[in-house]
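Peer 1: Fit chain B to the supplied structure of chain A, relying on the hints for placement.
Keeping their order, the protein sequence lines are chains A and B.
When we follow my numbering, the leftmost residue of the first sequence carries the number 40, and every step to the right adds one.
When we follow my numbering, the leftmost residue of the second sequence carries the number 40, and every step to the right adds one.
What the hints contain is simulated information worked out from the structure, not anything from laboratory work.
Don't take each hint at face value.
Any copy will do: because identical chains look the same in the list, a pair fits if it lies in one copy or spans two.
Here are the simulated DSS-like pairs of lysine-lysine, each with C-alpha atoms no more than 27 angstroms apart in a straight line [stated by the list, open to error]:
id, residue 1, residue 2
1, K159, K181
2, K223, K41
3, K41, K196
4, K41, K203
5, K181, K61
6, K41, K181
7, K196, K244
8, K189, K41
9, K244, K41
10, K203, K189
11, K159, K189
12, K244, K61
13, K41, K61
Protein chains: 2
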Amino acid sequence: MKFYDCATAPSPRRVRIFLAEKSIEIPIVQVNLASGEQFGDAFRSINPDCTVPVLELDDGRHLSEVFAICQYLELVYPDPPLMGRDAAETATVTMWNSKLEWQLLAPLADAFRNRARGLKDRALPGPEPYEQIPQLAERGSKRALSFLGKLDAHLAKVEYLAGKRFSIADITAVVAVDFAAWSKTPVSDELIHFNRWYQQVSARKSMGA
Amino acid sequence: MKFYDCATAPSPRRVRIFLAEKSIEIPIVQVNLASGEQFGDAFRSINPDCTVPVLELDDGRHLSEVFAICQYLELVYPDPPLMGRDAAETATVTMWNSKLEWQLLAPLADAFRNRARGLKDRALPGPEPYEQIPQLAERGSKRALSFLGKLDAHLAKVEYLAGKRFSIADITAVVAVDFAAWSKTPVSDELIHFNRWYQQVSARKSMGA
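Extracted from the complex, chain A is given alone in its bound form (with noise of 0.2 angstroms):
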């Protein structure tokens, strides 16, 4: 296997921390979004979107998108188990690791890209332009704090995200959280369950990647 990277940005780091859970080390090869290197021939013949991260498998075939990826290295390293042990517990696992990327880590990539002025006409990520909407940055934001108090609330309740073990689902919110600094989002101290949470799980080896 070989890992495409780019140390800098969010979704390969959501990877890099399930591959430390796991202690498995592969090939790295870090993509240098910065000079548009995920637009060139050679990356758009891995991934056609242009986005990191990709896994190659051994047989030369390209997985993208953050879940696969994770459920791809879950099924053939399944010690430990990051995205549940029974079919109840995987589906909660990949609820809240959904609602993390749809309520969470969407919003601030909103929020981020929609503002930024390096990304002006590169809203979203991908090979085709699209100018930035100041609105969906300001709704970006809006929607991350609220969801944020949701979790708060959560996490008054139960230990990890998903319940009584550490998932997947804490790797994403953790990701989003460090994130979040960049989206002109900030976590409010005032969550005391949320920061609770964030202290135990963001203290944890695997985060360090």
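Peer 2: Frame of chain A; chain B shown alone:
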């Protein structure tokens, strides 16, 4: 189990087709989205996101998020498999399903919800009001049409979206395309490979669900 549905909405239809493909019959409860039943206290205690579909498990727990619900059903009723048979196939199905959610369904939802007269200040599902952003409706249609062109090129090379076998990715795509008519983003006749696939897949008995 019990299934919270809305017969006219695209997201629960994805699960209804999935259930039909597996010949699973469970009690169905209709939630009246048009009258705002999803915002009432009764449904809010079932899903605080105020969205359908929701699957109620026999122990009383509730699962939301289409992919998570389908994953639970796949693990409990594995035949016929609709989410892959080995690690690489499973991850490939998940990857295509994810691309379809982010690059087709979400843009179509943007196109629909930011234009519909009945959805003023309801540009997103869920309990909080968000005003419509006309630029986002336009961008949604443009993105969906661009992605359909890519799917056409992909379907020139494969029978089904994730390869040789019908999967949840095909279900997501059929539901998206049928929803496109409501999003003022009709699919062009010129996409011959895409239309070949659509004719083939939409003729399945399950698609009436």
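Peer 1: For each hint, tell me whether it holds in the structure or not.
Peer 2: Hints, one by one, checked against the model:
1. Taking the shortest alpha-carbon separations for K159 and K181, both the intra-copy value of 21 angstroms and the inter-copy value of 18 angstroms come in at or below 27 angstroms.
2. Taking the shortest alpha-carbon separations for K223 and K41, neither the intra-copy value of 34 angstroms nor the inter-copy value of 42 angstroms comes in at or below 27 angstroms.
3. For the homomeric pair K41 and K196, the shortest alpha-carbon distance between copies (25 angstroms) is at most 27 angstroms, but the shortest distance inside one copy (39 angstroms) is not.
4. For the homomeric pair K41 and K203, the shortest alpha-carbon distance between copies (25 angstroms) is at most 27 angstroms, but the shortest distance inside one copy (32 angstroms) is not.
5. In the homo-oligomer, the alpha carbons of K181 and K61 never lie at most 27 angstroms apart, since the shortest distance is 35 angstroms inside one protomer and 40 angstroms across protomers.
6. In the homo-oligomer, the alpha carbons of K41 and K181 never lie at most 27 angstroms apart, since the shortest distance is 38 angstroms inside one protomer and 34 angstroms across protomers.
7. Proximity of K196 to K244 under the C-alpha cut-off of 27 angstroms is restricted to the intra-copy arrangement: shortest distance 25 angstroms within a copy versus 43 angstroms between copies.
8. In this homomeric assembly, K189 and K41 come within 27 angstroms of each other (Cα to Cα) only across copies, at 25 angstroms, whereas the closest approach inside a single copy is 37 angstroms.
9. In the homo-oligomer, the alpha carbons of K244 and K41 lie at most 27 angstroms apart inside one protomer (22 angstroms), although the nearest pairing across protomers, at 41 angstroms, exceeds that limit.
10. Only within a single protomer do K203 and K189 lie at most 27 angstroms apart by alpha-carbon distance; the minimum there is 18 angstroms, versus 41 angstroms between protomers.
11. In the homo-oligomer, the alpha carbons of K159 and K189 lie at most 27 angstroms apart only across protomers (24 angstroms), although the nearest pairing inside one protomer, at 32 angstroms, exceeds that limit.
12. Proximity of K244 to K61 under the C-alpha cut-off of 27 angstroms is restricted to the intra-copy arrangement: shortest distance 12 angstroms within a copy versus 42 angstroms between copies.
13. For a Cα distance limit of 27 angstroms, the shortest separation of K41 from K61 inside one copy, 16 angstroms, qualifies, whereas the shortest one across copies, 36 angstroms, does not.
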